[in-house]
Amino acid sequence: IAGITQAPTSQILAAGRRMTLRCTQDMRHNAMYWYRQDLGLGLRLIHYSNTAGTTGKGEVPDGYSVSRANTDDFPLTLASAVPSQTSVYFCASSDSAADPYGYTFGSGTRLTVV
Amino acid sequence: DQQVKQNSPSLSVQEGRISILNCDYTNSMFDYFLWYKKYPAEGPTFLISISSIKDKNEDGRFTVFLNKSAKHLSLHIVPSQPGDSAVYFCAASASTVYNQGGKLIFGQGTELSVKP
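Quick mapping for you: the protein sequence lines, in order, are chains A and B.
Numbering-wise, the first sequence is residues 16 to 129 according to my numbering.
Numbering-wise, the second sequence is residues 46 to 161 according to my numbering.
Careful, some of the hints might be misleading.
Non-contacting residues of chain A with respect to chain B, defined by C-beta distances greater than 10 Å in every case (computed) [to be verified]:
(1) Ala-22
(2) Arg-32
(3) Arg-37
(4) Val-75
(5) Arg-83
(6) Thr-86
(7) Asp-88
(8) Val-97
(9) Gly-121
(10) Thr-127
(11) Val-128
Only pairs whose alpha carbons sit at most 25 Å apart, straight line, appear in this in silico SDA-like list of lysine to any residue [claimed, not checked]:
(12) Lys-82/B x Leu-60/A
(13) Lys-99/B x Lys-116/B
(14) Lys-50/B x Val-75/A
(15) Lys-50/B x Lys-101/B
(16) Lys-72/A x Lys-99/B
(17) Lys-72/A x Thr-71/B
If you're looking for bench data, these hints aren't it; they were derived computationally from the structure.
From the three backbone atoms N, C-alpha and C, an ideal C-beta is built for every residue, glycine too.
Work out the full structure, taking the sequences as your base and the hints as a guide.
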């Protein structure tokens with residue numbers, strides 16, 4: 016089934032540890048995004064990639080890094096996790112970075128930093 | 046500063062009645078608006094959209110209204126069904142702004158509960 020796969024589904028992480036959230040899509044979409052969902056704040060854009068080989072910062076990029084080595088994969092790395100990064104993380108993709116058509120979202124990764 | 050705002054965290058409606066979810070925005074460069082629906086433990090899914098050249102878009106039981114002068118949009122669900130119970134996110138995009146076209150800015154979400 017075409018779509019976005021995120022891993023892990025959930026994770027409890029000790030503060031200060033490094034963590035990479037994985038995201039893979041099989042739709043050959045050019046653009047990919049990482050959002051975090053927090054109660055009362057909705058979905059906030061962390062980082063994005065308009066096409067393979069390029070990345071950009073969203074609304075809340077601090078403490079996170081991304082890479083886009085190929086079309087399909089867009090991992091999100093927390094270099095040194097802090098409790099404020101406890102959140103649900105969603106990866107999304109869209110066919111074109113230029114047009115705001117509907118995104119396809121993954122099922123999310125629930126991360127708890129303790 | 047929240048550019049897209051959904052000021053009602055929750056809404057409860059009786060089955061068969063109309064549900065109205067509201068969304069306000071501040072950025073006048075937004076020209077494309079979307080509504081997403083999210084069930085627990087799932088990612089958001091696209092529901093309906095509207096561009097700024099229109100003031101209404103309808104898809105079955107779902108209608109989105111856009112009032113550009115008020116920078117306000119609303120989603121109407123008629124009739125509401127228990128399966129509509131979910132969190133609804135409003136999102137906006139500034140497609141004409143360089144390098145911003147595809148990026149959606151989301152509101153805080155409104156949790157809709159439709160009671161049988």
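Okay, the hints, checked on the actual structure:
At the 10 Å boundary, the C-beta of Ala-22/A stays outside the reach of chain B, the nearest C-beta of that chain being 14 Å off. No Cβ of chain B approaches the Cβ of Arg-32/A within 10 Å, the least distance being about 25 Å, so the stated non-interface status holds. With a minimum CB-CB distance of about 15 Å to chain B, Arg-37/A clears the 10 Å threshold, and the non-interface call stands. No Cβ of chain B comes within 10 Å of the Cβ of Val-75/A; the nearest lies about 12 Å off, and the non-interface call holds.
Residue-level check passed: Arg-83/A sits 14 Å from the nearest beta carbon of chain B, beyond 10 Å. For Thr-86/A, the non-interface assignment is confirmed: its Cβ lies about 15 Å from the closest Cβ of chain B, beyond the 10 Å cut-off. Consistency note on Asp-88/A: stated as away from chain B, and its beta-carbon is indeed over 10 Å from all of that chain's, at 17 Å minimum. Every C-beta of chain B lies more than 10 Å from that of Val-97/A, the closest at about 23 Å, which supports listing it as non-interface.
The claim that Gly-121/A lies off the interface is violated: its Cβ sits roughly 5 Å from the closest Cβ of chain B, which falls inside the 10 Å cut-off. For Thr-127/A, the condition that its CB be more than 10 Å from all CB atoms of chain B holds, with the nearest at approximately 15 Å. With a closest Cβ-Cβ approach of about 20 Å to chain B, Val-128/A is found to remain outside the 10 Å limit, as its non-interface label requires. For the proposed pair Lys-82/B and Leu-60/A, the alpha carbon gap of about 17 Å is at most 25 Å, so the pair holds.
Between Lys-99/B and Lys-116/B the alpha-carbon distance is near 13 Å, which keeps this suggested pair within the 25 Å criterion. Among the hinted pairs, Lys-50/B with Val-75/A is consistent with the structure: their alpha-carbon atoms are about 17 Å apart, no more than 25 Å. Taking the CA atoms of Lys-50/B and Lys-101/B, the gap is near 20 Å; set against the 25 Å cutoff, the hint holds. Under the criterion of a C-alpha separation no larger than 25 Å, the hint pairing Lys-72/A with Lys-99/B is inconsistent with the structure, at around 31 Å.
At roughly 21 Å between alpha-carbon atoms, Lys-72/A and Thr-71/B fall within 25 Å of each other, so this suggested pair holds.
The structure does not agree with the numbered hints 9 and 16 stated previously, though it agrees with the rest.
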